[in-house]
Amino acid sequence: MKLTRKDFLRVLAGSAVAVGAGTLVHAVGSANDRESAEAKNGKKRWGMAIDLQKCREEKGCDLCSRACHRSHNVPRLPDPAHEVKWLWNEPNGKVFPFQQNDYTRHALGETVPVLCNHCTNPACVRVCPTQATWKRGDGVVMMDYHRCIGCRYCMAACPYGSRSFNYVDPRPHLGAPNPDFPPRTAGVVEKCNFCEERLADGKQPACVEACPRNAMVFGDLNDGNSPIRQLLSGRYAVQRQPELGCGPSIFYLV
Amino acid sequence: MLDKALKGSGRYWGWIAFLLALIAVGFTCYLRQLAYGLGITGLSRDVSWGIYIAQFTFFVGVAASAVMVVLPYYLHNVQQFARITILGELLAVAAVTMCMLFIFVDMGQPARVLNVLLYPTPHSMMFWDMISLTGYLLLNGVIAWVMLSAEQKGRPAPSWIKPVIILSIPWAISIHTVTAFLYNGLPGRPLWFTAILAPRFLASAFASGPALLILLCLALRRLTSFDAGQEAIRRLGVIVAYAMTVNVFFLFLELFTALYSGMPDHAEPFEYLFFGLDGKNGLVPVMWLSVVLALASLLALLVPRFRRNERVLALASLAVFLSLWLEKGMGLIVAGFVPSPLRAVTSYAPTAPEWGIVAGVWGIGALLLTIFYKITVSLREAN
Amino acid sequence: MGDRPLIYGGLCLFVALVTFPVWKGVAAQSSTKGPEVKAVVDKKQCVAPRAYMREAHMELLVAWRDGKVRRQERHYTARDGTVYNVSLTGTCLTQCHGSKEKFCDSCHEYAGVSAPNCWGCHTSPPAEPAKMAAAAAGEMR
Chain A
1 MKLTRKDFLR VLAGSAVAVG AGTLVHAVGS ANDRESAEAK NGKKRWGMAI
51 DLQKCREEKG CDLCSRACHR SHNVPRLPDP AHEVKWLWNE PNGKVFPFQQ
101 NDYTRHALGE TVPVLCNHCT NPACVRVCPT QATWKRGDGV VMMDYHRCIG
151 CRYCMAACPY GSRSFNYVDP RPHLGAPNPD FPPRTAGVVE KCNFCEERLA
201 DGKQPACVEA CPRNAMVFGD LNDGNSPIRQ LLSGRYAVQR QPELGCGPSI
251 FYLV
Chain B
1 MLDKALKGSG RYWGWIAFLL ALIAVGFTCY LRQLAYGLGI TGLSRDVSWG
51 IYIAQFTFFV GVAASAVMVV LPYYLHNVQQ FARITILGEL LAVAAVTMCM
101 LFIFVDMGQP ARVLNVLLYP TPHSMMFWDM ISLTGYLLLN GVIAWVMLSA
151 EQKGRPAPSW IKPVIILSIP WAISIHTVTA FLYNGLPGRP LWFTAILAPR
201 FLASAFASGP ALLILLCLAL RRLTSFDAGQ EAIRRLGVIV AYAMTVNVFF
251 LFLELFTALY SGMPDHAEPF EYLFFGLDGK NGLVPVMWLS VVLALASLLA
301 LLVPRFRRNE RVLALASLAV FLSLWLEKGM GLIVAGFVPS PLRAVTSYAP
351 TAPEWGIVAG VWGIGALLLT IFYKITVSLR EAN
Chain C
1 MGDRPLIYGG LCLFVALVTF PVWKGVAAQS STKGPEVKAV VDKKQCVAPR
51 AYMREAHMEL LVAWRDGKVR RQERHYTARD GTVYNVSLTG TCLTQCHGSK
101 EKFCDSCHEY AGVSAPNCWG CHTSPPAEPA KMAAAAAGEM R
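Protein chains in written order, with the UniProt record's numbering: chain A, 1 to 254; chain B, 1 to 383; chain C, 1 to 141.
Treat the hints loosely; a few may be bogus.
Stated by the list, open to error - With a Cα cut of at most 25 Å, we get these calculated DMTMM-like pairs of lysine to aspartate or glutamate:
| hint | chain 1 | residue 1 | chain 2 | residue 2 |
| --- | --- | --- | --- | --- |
| 1 | B | Lys153 | B | Glu310 |
| 2 | C | Lys68 | A | Glu243 |
| 3 | A | Lys203 | C | Glu55 |
| 4 | A | Lys135 | C | Asp66 |
| 5 | C | Lys68 | A | Glu58 |
| 6 | A | Lys43 | C | Glu59 |
| 7 | B | Lys280 | A | Asp79 |
| 8 | B | Lys153 | A | Asp79 |
| 9 | A | Lys135 | A | Asp7 |
| 10 | B | Lys4 | A | Asp7 |
Calculated from the structure, these hints are not laboratory results.
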């Protein structure tokens, strides 16, 4: 049999495709290690209520934000475009853009803490192509920095602007790093994790602990007797843009 | 077959050298981006997708537009397209490759790209986009290869290729539909939240792709012995005329809905695009240039006397391509992020390294297309 | 056939390139003796048998990583019943192996393993003895 150069190249290309396809099939087949978070934590739904009246009285206070960022090694970057934020203050008009008018603007104040809403129906989780962000059974929307490919689809999907991307290496910008919480690497998305690491130890989130006025109340929304539920049943509370259907777990007492 | 690409004139090699230089520039810039991070680009926390993703979107359209020569020829037996269907299919291959590269250079962790396969996630539109784009690349690659091989041997193409070609028609529609779904299923991005986004994408695709094909056919005629034929080019002109009209009509529908309703969420991104918002007006000249080019091209395309003049048609095609490149390859994606969910108006402009990477991807696309067309033309010359 | 010199020249170049690492090693007079890796703290037993760890520590680390991040498995029970905190910095390095430089790198560099990207985020424990003691007491995550 005479093997022409063309035939040889053809066989070569064919083999390459076959090897590639085999790897692919194997990869797809062994995929999806079952994420059984649900099994462990089926009952709780963590949530937070923020008393805006107290925040209003402490205009400019950012103790919660500082505690959060210190505890999670959130970098302080010189370029505002590359900013990384987990919990920070925004003026009321930006947080509830279409819920104020010229007459109430002053009353609602300038200091509204915003963070990941840990939605019941999170758009970020829906769009993530690798399940690097997912929703735990207890309501915490998690990030797996090991799996994130940095496509930033979740940032486009989040209607609350809660997510930040590491445009540069954050490590030179940590100040005094907290050795107990790993910083992130360039090229991944990050956000508030509801202090998942503290919840595991039975502690309250760092922001809640840091607030001298106890303006933040954290607890189980599924437990009718929890302090957060007591608070929500007694006072008028709003969520950010509930009409979008994401179901935020952060409630603002106005 | 590939040997045909290795024999060419000095001009051919000069062009190849130029493209290789472009690719080298892009590659150098990409290495810098890889080392430093995407902070090297003009992207920010608020505008987190920019020219890479916008160019990706635009070139999905160019890729899908191959259907505009394949469909008339295979379903309606439009014989004038017999000689150029292969050009459309090869253009699709080059354009899809560019799309994939644009996605790749946009990734923060490119080394982890296979996670998309390792953890397949059907509820993510990006998963489906990957499937439709890869499928489309394979379909067109196989079709082009089989057709060119048959031509080389002077035999008719094997009969099994016909169903594959027919399959590529709905598949072309699918790639741009899924690409629209990437954007229009997101809460909190009102500019994209419109059911007409997929039809708009298709209309702009069927204008920009065939416009590029017209320019390529005219270039081939001037530079080589390959002549697509006056009638084929005229028919392409008619397709561009219809598609561009529909595209402008769709844009008008969007503007009417957003601006007449006066709903700030929907109106603000358009205000940002055409008039500027909060004193930030970087995209205003871009968008108005796009509008002027679109209207000028419509005038040239809709009057048959103008359209039949090949020089005018070439200019009109160039105007269509540029207009849509500005509108879809930049404005539409960037303005989706303005204002941000927290009402911030943030400007975005690509940086020099970002342009370098874009140029590099363009270089790769153009290089592929040059090689493909060189092979095709050489085969035709030999027969 | 005028191509002969070209063909043989190409073949020679190919062989030279393929065997380049060997020549480089010979020129650098590198030895084949491996590094001596020792745990800082005198413990007899790692979380798994030494042979397994030598061969498959990366798999164990990936299992720890995915377990902790994705399935809330924050504790690991070794075969001998000891329960460990799942933590690269807090358990592996702080309690036994000292630091990345002393332990991980010495082997990886010798074996030419291009650095695993753990250290893009995770840190080698700080050297202060106070911190070490605190970590040993199990306060470290």
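Outcome of the hint check:
Pair hint Lys153 (chain B) plus Glu310 (chain B) does not hold up; C-alpha atoms about 34 Å apart against a cutoff of 25 Å. In summary, the hint linking Lys68 (chain C) to Glu243 (chain A) is not supported, as the alpha carbons are separated by about 35 Å, beyond the 25 Å threshold. The suggested pairing of Lys203 (chain A) with Glu55 (chain C) is violated, with an alpha-carbon distance near 38 Å, which exceeds 25 Å. Straight-line distance between C-alpha atoms of Lys135 (chain A) and Asp66 (chain C) comes to about 15 Å, which keeps the hinted pair within the 25 Å bound.
Restraint check for Lys68 (chain C) and Glu58 (chain A): not satisfied, since their Cα atoms lie roughly 38 Å apart, outside the 25 Å limit. About 32 Å separates the Cα atoms of Lys43 (chain A) and Glu59 (chain C), which puts this hinted pair outside 25 Å; it is violated. As the CA atoms of Lys280 (chain B) and Asp79 (chain A) are separated by approximately 18 Å, the hinted pair is consistent with the 25 Å bound. In summary, the hint linking Lys153 (chain B) to Asp79 (chain A) is not supported, as the alpha carbons are separated by about 61 Å, beyond the 25 Å threshold.
A threshold of 25 Å between alpha carbons decides the hint, and for Lys135 (chain A) with Asp7 (chain A) the separation of about 52 Å lies outside it, so the pair is violated. Between Lys4 (chain B) and Asp7 (chain A) the alpha-carbon distance is near 17 Å, which keeps this suggested pair within the 25 Å criterion.
Checked against the numbered hints given earlier, the structure breaks hints 1, 2, 3, 5, 6, 8 and 9 and satisfies all the rest.
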